[in-house]
Amino acid sequence: MTSDYFIPDAEGRTPSAAGYFGAFGGKFIPEALVAAVDEVAAEYEKAKADPAFAAELDDLLVHYTGRPSPLTEVPRFARHGGGARIYLKREDLNHTGSHKINNVLGQALLTKRMGKTRVIAETGAGQHGVATATACALFGLECTIYMGEIDTQRQALNVARMRMLGAEVVPVASGSRTLKDAINEAFRDWVANVDRTHYLFGTVAGPHPFPQLVRDFHRVIGVEARRQILERAGRLPDAVAACVGGGSNAIGLFHAFVPDEGVRLVGLEAAGHGVGSGEHAATLTAGEPGILHGSRSYVLQDDEGQITEPYSISAGLDYPGIGPEHAYLKDSGRGEYRPVTDDEAMQALRLLSETEGIIPAIESAHALAGALDLGKELGPDGLVLVNLSGRGDKDMDTAARYFGLYDNGGNEGGEAK
Amino acid sequence: MSGNIELLESTLAAAKAENRAALVGYLPAGFPTVDGGIAACTALLESGCDVVEVGLPHSDPVLDGPVIQTADDIALRGGVRIADVLRTVREAHAATGKPVLVMTYWNPVDRYGAERFAAELGEAGGAGCILPDLPVEESEGWRKAAEQHGLATVFVVAPSSREERLARITAAGSGFVYAASLMGVTGTRESVGREARDLVERTRGTTRLPVCVGLGVSNAEQAAEVAEFADGVIVGSAFVKRLLAAGDDLAAGLDGVRELASGLAAGVRRS
Numbered sequence: 001m002t003s004d005y006f007i008p009d010a011e012g013r014t015p016s017a018a019g020y021f022g023a024f025g026g027k028f029i030p031e032a033l034v035a036a037v038d039e040v041a042a043e044y045e046k047a048k049a050d051p052a053f054a055a056e057l058d059d060l061l062v063h064y065t066g067r068p069s070p071l072t073e074v075p076r077f078a079r080h081g082g083g084a085r086i087y088l089k090r091e092d093l094n095h096t097g098s099h100k101i102n103n104v105l106g107q108a109l110l111t112k113r114m115g116k117t118r119v120i121a122e123t124g125a126g127q128h129g130v131a132t133a134t135a136c137a138l139f140g141l142e143c144t145i146y147m148g149e150i151d152t153q154r155q156a157l158n159v160a161r162m163r164m165l166g167a168e169v170v171p172v173a174s175g176s177r178t179l180k181d182a183i184n185e186a187f188r189d190w191v192a193n194v195d196r197t198h199y200l201f202g203t204v205a206g207p208h209p210f211p212q213l214v215r216d217f218h219r220v221i222g223v224e225a226r227r228q229i230l231e232r233a234g235r236l237p238d239a240v241a242a243c244v245g246g247g248s249n250a251i252g253l254f255h256a257f258v259p260d261e262g263v264r265l266v267g268l269e270a271a272g273h274g275v276g277s278g279e280h281a282a283t284l285t286a287g288e289p290g291i292l293h294g295s296r297s298y299v300l301q302d303d304e305g306q307i308t309e310p311y312s313i314s315a316g317l318d319y320p321g322i323g324p325e326h327a328y329l330k331d332s333g334r335g336e337y338r339p340v341t342d343d344e345a346m347q348a349l350r351l352l353s354e355t356e357g358i359i360p361a362i363e364s365a366h367a368l369a370g371a372l373d374l375g376k377e378l379g380p381d382g383l384v385l386v387n388l389s390g391r392g393d394k395d396m397d398t399a400a401r402y403f404g405l406y407d408n409g410g411n412e413g414g415e416a417k
Numbered sequence: 001m002s003g004n005i006e007l008l009e010s011t012l013a014a015a016k017a018e019n020r021a022a023l024v025g026y027l028p029a030g031f032p033t034v035d036g037g038i039a040a041c042t043a044l045l046e047s048g049c050d051v052v053e054v055g056l057p058h059s060d061p062v063l064d065g066p067v068i069q070t071a072d073d074i075a076l077r078g079g080v081r082i083a084d085v086l087r088t089v090r091e092a093h094a095a096t097g098k099p100v101l102v103m104t105y106w107n108p109v110d111r112y113g114a115e116r117f118a119a120e121l122g123e124a125g126g127a128g129c130i131l132p133d134l135p136v137e138e139s140e141g142w143r144k145a146a147e148q149h150g151l152a153t154v155f156v157v158a159p160s161s162r163e164e165r166l167a168r169i170t171a172a173g174s175g176f177v178y179a180a181s182l183m184g185v186t187g188t189r190e191s192v193g194r195e196a197r198d199l200v201e202r203t204r205g206t207t208r209l210p211v212c213v214g215l216g217v218s219n220a221e222q223a224a225e226v227a228e229f230a231d232g233v234i235v236g237s238a239f240v241k242r243l244l245a246a247g248d249d250l251a252a253g254l255d256g257v258r259e260l261a262s263g264l265a266a267g268v269r270r271s
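Heads up: the sequence lines are chains S and G, in that order.
Going by the UniProt record's numbering, 216 is the number at position 216 of the first sequence; the sequence numbering is gapless.
Going by the UniProt record's numbering, 132 is the number at position 132 of the second sequence; the sequence numbering is gapless.
Hints in this document: simulated from the structure, not taken from any laboratory.
Treat the hints with care, since some could be wrong.
[To be verified] A partial selection of chain G residues facing chain S, derived with a Cβ cut-off under 8 Å:
| # | residue |
| --- | --- |
| 1 | ILE82 |
| 2 | VAL157 |
| 3 | ARG162 |
[Said to hold, decoys possible] Derived coverage of chain G by chain S (criterion: at least 3 residues anywhere in the stretch with Cβ under 8 Å from a Cβ of chain S; other residues may be distant):
| # | stretch |
| --- | --- |
| 4 | 54 to 61 |
| 5 | 131 to 144 |
| 6 | 183 to 194 |
Nothing here was measured: the structure is a model prediction, and the numbers come from that model.
From the three backbone atoms N, C-alpha and C, an ideal C-beta is built for every residue, glycine too.
Chain S extracted, bound-state conformation (with noise of 0.2 Å):
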């Protein structure tokens, strides 16, 4: 049978059996999670080849995410950026408000089949941890986030919405206490406990097969939103743009538009307080090849190998890695990497919700203001494909601060502006 939702890559655009795109990618990891991570490819592999799988994904993926999710024009959003046509692909309609959802149906039916009864993952703006959350509650498995501290403060809305969901949530103090440490500790966790636990790792980095999994998980944002626009503008996008942290969200919305020539594939890096400051995670524009968390591709490092500390607004972007095959198809020419700073991330944010009626994540915001820019370089005339790939409710109170919104004016120690 053929799957509506479940489309993995079968054109070659697979990476190699050592799990390499082009120089990027492979398989770094410690002996005693040699033996767990082959199993999740071998069992991955299995799955493909069953079609009682992809059946029990789109069943889930239809009725309890709400797979497919519209595409929204947004005109008056688009009025400011040059007069370009702009579309969003509404994944912060999904179930949980985010495309995280996706990857971790995905994995949690492969954790079932694994016979595993335990999940760990790790969560920078808690739509990972959340989707992750509800995935164990739904089938019952035994669940632990792990969050950098800073994250569980700043994203306290989805601590508590997870440990509603019967989630552990594990706020992680080490290092400097945001994603990465997140996953440090994830890694951690999981070297103990492998036999019974499954990493359900939320982005398209990490050892292979990881970025080949996860990217193939989110594949049907891509080829919704290319059957929905040509059926809607009537052509193939300008560009098509997303925010990209790990990654996911972006590899899901490209991988289908890469044999488009035609379509520019343009992801949007947290810039911070600007690229020059030092404080950003604006990994492509700034990074150079390394290892990071099991595979070869951009970090933020220093001249001797270490990790530097990166910086974003957005809890979800602030993450020194990329997946390795962002790395390659920028490496190849084919993938656009621009930054976007927290200001104009924030300033999409408000536009978006003010012209639209639509509060997009912070995250999401830097694939918008990275679209405005892109409208304004091709006119009247352009057409461009936004990932929306999460609501804003979990931002609402770093929103509140940034833009003075509380009566009191976020008087308890936030920066009102």
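Fit chain G to the given chain S structure using the hints.
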């Protein structure tokens, strides 16, 4: 000057000839300071360790528990550089004539350049390198450089390693095999499980290299227990703990690691 792989081999062979396990100590470079770390590594070798592994502190020590994470943080905040790691190797070896290896995550070596790192480690008198997150499949370039510069490449095997992987790993390694006693990160444990004995036996079935056991060993009793079935006993976090407990009092910290090394050295000779 070429590296000291032969010194490592003869040291482990000499312990075997004495019908005992070798004692291998670990400390990160730059901890508590670069000079303090050199003094501590030297103290280990003078007080009963046959071999020392010098850790290259890393920003993201994914395979280390809280004790070594803390030490790495202190070293990095103190500004430790690869040159300091190499100086630690050079001085600890020069002071004692004993084999000194480096244990490091792969990214710093990758970034520094595998050939350059191997050349400089060999020149410093290093005996080899342990690279716990460099799988054998990705190791060919490093191994060529290591061989050329007289360095051992020590691979880690784990209780989860299947027989055919064990054979592949041990065939590529040199110096000794590092058998992780358990599934987990570094740190002291109450007991060393039966998994370690099984793993050593299975590893011996694939190689004539000495098999040393690490992870979790912290006292003379555990050292004696492991020494019954392994060619070497590796102790890291317990030494780091002694230095951490002494705080700013380096002399007390050095006394602490000397005392522990002596006790462990007696442990590996007990059976």
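Against the structure, the hints:
The interface hint given for ILE82 of chain G holds, since its Cβ lies 5 Å from the closest Cβ of chain S, which is under the 8 Å cut-off. A distance limit of 8 Å between C-beta atoms decides the matter here; for VAL157 of chain G the minimum to chain S is near 6 Å, and the interface restraint holds. For ARG162 of chain G, the shortest C-beta to C-beta distance to chain S is roughly 7 Å, which falls under 8 Å, so the interface hint holds. Interface restraint, the stretch 54 to 61 of chain G with chain S: holds (4 residues with C-beta to C-beta distance below 8 Å; minimum three).
With a threshold of 8 Å between beta carbons, the proposed coverage of the stretch 131 to 144 of chain G by chain S holds, since 6 of its residues qualify and at least three are required. Here the stretch 183 to 194 of chain G counts 3 residues with a CB under 8 Å from a CB of chain S, which clears the bar of 3, and the coverage holds.
The structure fails none of the hints (numbered hints given earlier).
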